[in-house]
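Chemist: Sequence:
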Amino acid sequence: GSRAAMTPRPLWLVALLCAAPDRTAAQIVRVGIQGVGVTYSEIDEGRRAEGGGAGATLTVRLGKFFLDASGFTVTLDPKGAGGGTSFDLRQADVRVSYAIVPSIAIELGAGRRWVKPAFSTQAVGLVRLGVLSQIPLNRVSSVWARGAYLVRPRFNGGGSADIAVELGLGLGV
Numbered sequence: 092g093s094r095a096a097m098t099p100r101p102l103w104l105v106a107l108l109c110a111a112p113d114r115t116a117a118q119i120v121r122v123g124i125q126g127v128g129v130t131y132s133e134i135d136e137g138r139r140a141e142g143g144g145a146g147a148t149l150t151v152r153l154g155k156f157f158l159d160a161s162g163f164t165v166t167l168d169p170k171g172a173g174g175g176t177s178f179d180l181r182q183a184d185v186r187v188s189y190a191i192v193p194s195i196a197i198e199l200g201a202g203r204r205w206v207k208p209a210f211s212t213q214a215v216g217l218v219r220l221g222v223l224s225q226i227p228l229n230r231v232s233s234v235w236a237r238g239a240y241l242v243r244p245r246f247n248g249g250g251s252a253d254i255a256v257e258l259g260l261g262l263g264v
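Number 137 in this note's numbering belongs to position 46 of the sequence shown; there are no gaps in the numbering.
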């Protein structure tokens, strides 16, 4: 019998086609760099600080899963009659979400705020459990709102927050 001639197909091409993402699942990757302005004040109006710096964000969406990571660094100078010294504040946040319906997702995340010099204001560590509502405006942009319960936030100077919530609004392109 005769054998039909076969053109060899590279194995990597087959593997690449099998690993290709599902075209029906929404996929988004956003990277952002921002200028950041912060006004910090405590219950005592005399203790206030203002300043600026830079921040960055990363958002990845694969199907029903989201990953949001952000961070910033600012230098704050005292304002008002309370006095004080300048300090640096750095903050990082990570959130992982799962869409239970197209525009509503449940979220689990963590955040941390560091200050230098130590104890110039409260450093905080937290875990959050929340909800994200994200609505696409078109193929490359969306608007969102989120809310979260902060589970037992930790402060470097002691103290506690019996009820702590976080609210946020955003627009991404």
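Just so you know, the hints here were simulated from the structure itself, not pulled from any lab data.
Hints may be right or wrong, so weigh each one.
Each pair of labels, with its calculated beta carbon distance range [claimed, not checked]:
1) G249 to V187: 27 to 33 Å
2) S251 to A147: 28 to 34 Å
3) R121 to A209: 32 to 38 Å
4) A209 to D168: 17 to 23 Å
5) D253 to T130: 40 to 46 Å
6) V256 to T130: 29 to 35 Å
7) G126 to V234: 18 to 24 Å
8) G248 to G171: 16 to 22 Å
9) I119 to G249: 36 to 42 Å
10) D168 to P193: 28 to 34 Å
Source: prediction; values computed, not measured.
Ideal Cβ positions, reconstructed from N, Cα and C, are used throughout, including at glycine.
Chemist: For the hint 17 to 23 Å, verify it against the beta carbon of A209 and that of D168.
Modeler: Distance hint for A209, D168 holds at roughly 18 Å.
Chemist: Measuring from beta carbon to beta carbon, are D168 and P193 in 28 to 34 Å?
Modeler: Since the Cβ atoms of D168 and P193 sit about 45 Å apart, the hinted range of 28 to 34 Å is violated.
Chemist: Okay, R121 versus A209 on CB: inside 32 to 38 Å?
Modeler: Holds, since R121 and A209 (Cβ atoms, about 34 Å apart) stay within the stated range.
Chemist: Take the C-beta atom of D253 and the C-beta atom of T130, compute their distance, and say whether it sits inside 40 to 46 Å.
Modeler: violated (25 Å)
Chemist: Between the beta carbons of I119 and G249, is the distance compatible with 36 to 42 Å?
Modeler: holds (41 Å)
Chemist: Please test the hint of 16 to 22 Å on the beta carbon pair from G248 and G171.
Modeler: holds (21 Å)
Chemist: Given the range 27 to 33 Å, decide if the beta-carbon distance of G249 to V187 lies inside it.
Modeler: holds (30 Å)
Chemist: Can the suggested window of 29 to 35 Å be confirmed for the beta-carbon pair V256 and T130?
Modeler: Hint violated: Cβ distance 20 Å, outside 29 to 35 Å.
Chemist: Between G126 and V234, does the C-beta distance stay in 18 to 24 Å?
Modeler: holds (21 Å)
Chemist: Do the Cβ positions of S251 and A147 conform to the proposed distance bound of 28 to 34 Å?
Modeler: holds (31 Å)
The earlier numbered hints that this structure contradicts are 5, 6 and 10.
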